[in-house]
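Residue numbers (the numbering used here), protein chains in the order written: chain A, 1 to 244; chain B, 1 to 244.
Hints in this document: simulated from the structure, not taken from any laboratory.
Just so you know, not all the hints are guaranteed correct.
To be verified - With a straight-line Cα cutoff of 20 Å, these simulated SDA-like cross-link-like pairs (lysine to any residue) come out:
#1 K76/B x P132/A
#2 K121/B x K221/B
#3 K76/A x R118/B
#4 K121/A x N190/B
#5 K121/B x R111/A
#6 K2/B x K121/B
#7 K221/B x E183/B
#8 K121/B x Y77/A
#9 K121/A x R118/B
#10 K241/A x F130/A
#11 K97/A x P132/A
There are 2 protein chains.
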Amino acid sequence: MKNVKFTIEYDGTNFAGWQRQVSERTVEGVIEKSLYKITGERIDLVGAGRTDAGVHAIGQVANFFTKSTIPGEKYKYALRFILPTDVSIVDSEEVDKDFHARFSATGKIYRYRIYTGRLPKALLRPYSFFFPFRIDYNLLERATEKFIGQHDFSSFMARGANSHNVFKTIRRFDIERDGDMVELIIEGDNFLRNMVRIMAGTAVYIGAGRIPLERLDTLLKGGRRDLAGPTFGPEGLYLEKVLY
Amino acid sequence: MKNVKFTIEYDGTNFAGWQRQVSERTVEGVIEKSLYKITGERIDLVGAGRTDAGVHAIGQVANFFTKSTIPGEKYKYALRFILPTDVSIVDSEEVDKDFHARFSATGKIYRYRIYTGRLPKALLRPYSFFFPFRIDYNLLERATEKFIGQHDFSSFMARGANSHNVFKTIRRFDIERDGDMVELIIEGDNFLRNMVRIMAGTAVYIGAGRIPLERLDTLLKGGRRDLAGPTFGPEGLYLEKVLY
C-alpha cells in the first residue's frame, strides 16, 4: 500500500463543494471517479478541509491509500487530461504511511478577495466578492488586528453548525490591496463552518462603518452570531494553503 | 433620440457568443433584455464585432438609439444589478448621432492567452488555452513578424465562412510573457471569422516546431486553410479594445 498526497487547485463555481454526495457534482467525487479510471480501485480520498459550494482552492490537500503501482509523482501527469478542466492536481507525491491530510494539518491559510470598484467586472465576478462601497482601511486594519489570538469564535459560525470546540487561534489577518481589489489573508489553526466568510463580512462592515469596531470585543467572547456581519459569498473565498 | 455607446466586459464561458439568437443565451440578447427592463423599449444593439461562443471581451463596444430620458452616463449604474454577473457595462456615454459601433471602428485589438505550464491550473482554464509544450520564442517572434502588413488572410478564415474582402492589415502582433503565461496581442483593421484563433494556432505551432516558418509565405498568399495551424480554443481569446 502506498499513501499518496495530492495538492489540488479547483474553480469552485460549478461544484457543490468538496465532499462527496450521491447526486451532486463535488470535487472529491470527481477526483475519486478519475482515480478509479486509472487505478481500477474505489479510492477513499481524505481532504484537509471541506470547502462549501462555490469556494475555490489553490492549495487544497488530500491523501489516499492505494495498491496501484503508479509512482506517487506520476499521478499529476496521469490525471491531467482525465480530470474535468475545473480541477487540477498541481502536485502529487508518495508520503509516509502516517500522513493524514486532515489530522496532520497544523493550520490553514485562506484568502478572501473583495472587488471594491463602483462598477462590477464580469471577468472577476466568479472570483471575488463585489462590494462597491467606501471602506476606511485604517478601521479595517484595526478590526483585523483584534481577531489575532485565541478566541471563542462561535459568533463567526454558520447558524445550525455544530462544533465540539469553538476556541480557535488566528495567527495572521493581513490586508493586501491592488487598485480596487482587496484581499484578506487569514491564517489559523482550524476553522468553523463559514468562519472566514463571516470574519470577512464583519471586518469589512466595520471598515465600511456599518458595525462599530468596539462590537468585536463582544463578538469575540462568543455566542452572538446575531451581532456579527453577513456571511460574504463563496465566490471570494480561496483555500490557499494547508500547513503541516 | 439619443445615441448611447457602451463599453462592455464579459466572461464568454456561458454564452453562445455575442449575436442575438432565438433560443440561445447570447451577450447581445441578455443586454437587450436588461435594457427593456429599464427603458421599456425594444432596443436594437449594434455591436462592434460578433464574438463566438466562449470568447471573452474586456472592451467590446456597442451603441443603440433610445427615446429614454436616462442620461447616457447613468446606464452603467442602472444596469449593474440588473445584468447577470457575467456581463458588465464598464462605461456608458451619450455620443454623436452618427457614431456606429461597427462602421465607425478603425481597428480592433485582440489578446490571446496561452498557458504553457506542464500541468493545467483549474482557475485559469476557462481564461486561457492550455498548451503544455515547449515553444521556441525566437521562432514564434519571427512568425509573428511575418503577419505584419496587408495580406490575403483567407488561409486564416473558418471553413465555410464568407467574406467579400479577405485582404486585412495586421498592424501589431506582440508577445508578452509572464512565467508560463504567454499572451499574443494582435491589432488589425478588421478580422475574418476565427482569424485570430487560427493565427494564434499557426504562430504557436511554428514556435513549437510543428509547422515550418517558411510555410507562412504560402499561407499569407491566401486560400490554404488546409496548411495553416489549428483553430485554438475560444477560452483564450479576448476582444480587448475597439479603436475609433
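To see whether the hints hold, each was checked on the structure:
The suggested pairing of K76/B with P132/A holds, with an alpha-carbon distance near 13 Å, which does not exceed 20 Å. About 38 Å separates the Cα atoms of K121/B and K221/B, which puts this hinted pair outside 20 Å; it is violated. Restraint check for K76/A and R118/B: satisfied, since their Cα atoms lie roughly 10 Å apart, inside the 20 Å limit. About 26 Å separates the Cα atoms of K121/A and N190/B, which puts this hinted pair outside 20 Å; it is violated.
Note on K121/B and R111/A: the hinted pairing holds, with a Cα-Cα distance of about 17 Å set against a maximum of 20 Å. For the suggested pair K2/B and K121/B, the alpha carbons sit about 45 Å apart, so the restraint of at most 20 Å is broken. Restraint check: the Cα-Cα separation between K221/B and E183/B comes to about 26 Å, which exceeds 20 Å; the hinted pair is violated. Restraint check for K121/B and Y77/A: the C-alpha separation of about 12 Å stays at or below 20 Å, so the hint holds.
A threshold of 20 Å between alpha carbons decides the hint, and for K121/A with R118/B the separation of about 30 Å lies outside it, so the pair is violated. Between K241/A and F130/A the alpha-carbon distance is near 24 Å, which puts this suggested pair outside the 20 Å criterion. At most 20 Å may separate the alpha-carbon atoms for a hinted pair to count; K97/A and P132/A exceed this at roughly 49 Å.
The structure does not agree with the numbered hints 2, 4, 6, 7, 9, 10 and 11 stated previously, though it agrees with the rest.
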